[in-house]
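Asks: When we follow this note's numbering, the leftmost residue of the sequence shown carries the number 1, and every step to the right adds one.
In case anyone wonders, no lab produced these hints; they're calculated from the structure. Misleading hints may appear alongside valid ones.
[Claimed, not checked] Distance ranges between label pairs, derived from CB positions:
| # | residue 1 | residue 2 | range |
| --- | --- | --- | --- |
| 1 | R30 | V114 | 39 to 45 Å |
| 2 | G62 | G164 | 40 to 46 Å |
| 3 | T31 | G138 | 44 to 50 Å |
| 4 | E161 | E19 | 34 to 40 Å |
| 5 | G120 | L40 | 23 to 29 Å |
| 6 | A146 | A5 | 14 to 20 Å |
| 7 | L74 | S115 | 28 to 34 Å |
Built from N, CA and C at the ideal position, the CB exists for glycine as well.
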Amino acid sequence: MAQEAEFQKRIQRIGEMVEQLEANADPNARTMAKELLESLMALHRAALERILELAYDAGEVGQTIVRKCGSDDLVSSVLLLYGLHPEDLGSRVNHALEKSRAYLESHAANAELVSVRDDGVVTVRLHVKSSGCGSSAGLVRSTLEAAIQDAAPDAQSIVVEETGAALTRSGFVPLAQLQSGAAMAALSAGHAQRSGD
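From just these sequences and the hints, can you work out the full model?
Replies: What follows is the structure in structure tokens.
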């Protein structure tokens with residue numbers, strides 16, 4: 001945990017320094033700093049790539065080490081930064097869904113990966129059994145999105161298709177339905193249901 005906090009502090013400091021360089025009025029200094037950063041990143045990427053190759057070449061033990069590196073939060077984030085993560089996007093999303101399974105089940109929900117497009121758009125289907133409380137479904141959705149984002153920050157976007165969340169008798173329409181354009185259908189269904197009562 002302390003290691004993760006230290007890593008986050010360093011990332012924040014790097015971001016601050018980049019902002020300071022961007023604000024520098026001297027275009028030559030900005031250009032030189034950018035080239036320096038790009039050169040360092042290229043060197044680090046080449047070295048990390050070579051380390052992974054050597055580990056794979058070492059056989060099963062090396063491959064186990066690479067898999068462990070891919071599941072370590074700190075190392076995984078660096079491998080993702082350089083495009084060297086040993087697992088593809090879909091596998092990482094599936095692992096996030098698996099890790100979220102107990103939480104989802106405790107909220108009468110489940111989720112499945114629908115697709116991962118070549119452009120990095122991830123689509124997940126979330127089924128929440130109607131509990132009469134739209135806020136619970138919203139919490140489940142946002143928690144699931146955060147888990148996927150943590151596992152797959154390189155996803156271009158995350159689309160969550162919700163099923164099973166119904167309009168309550170109070171006429172409450174969850175925000176997700178409003179955003180997805182399903183609000184009119186939900187309102188019509190709710191009106192028809194109340195008219196039939």
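Asks: Hint by hint, say whether it matches the structure.
Replies: Do the hints match the structure? See the list:
{"no.": "1", "hint": "R30 to V114: 39 to 45 Å", "in the structure": "holds (43 Å)"}
{"no.": "2", "hint": "G62 to G164: 40 to 46 Å", "in the structure": "holds (45 Å)"}
{"no.": "3", "hint": "T31 to G138: 44 to 50 Å", "in the structure": "holds (46 Å)"}
{"no.": "4", "hint": "E161 to E19: 34 to 40 Å", "in the structure": "holds (37 Å)"}
{"no.": "5", "hint": "G120 to L40: 23 to 29 Å", "in the structure": "holds (26 Å)"}
{"no.": "6", "hint": "A146 to A5: 14 to 20 Å", "in the structure": "holds (18 Å)"}
{"no.": "7", "hint": "L74 to S115: 28 to 34 Å", "in the structure": "holds (30 Å)"}
Hint check: no violations occur; every hint is consistent with the structure.
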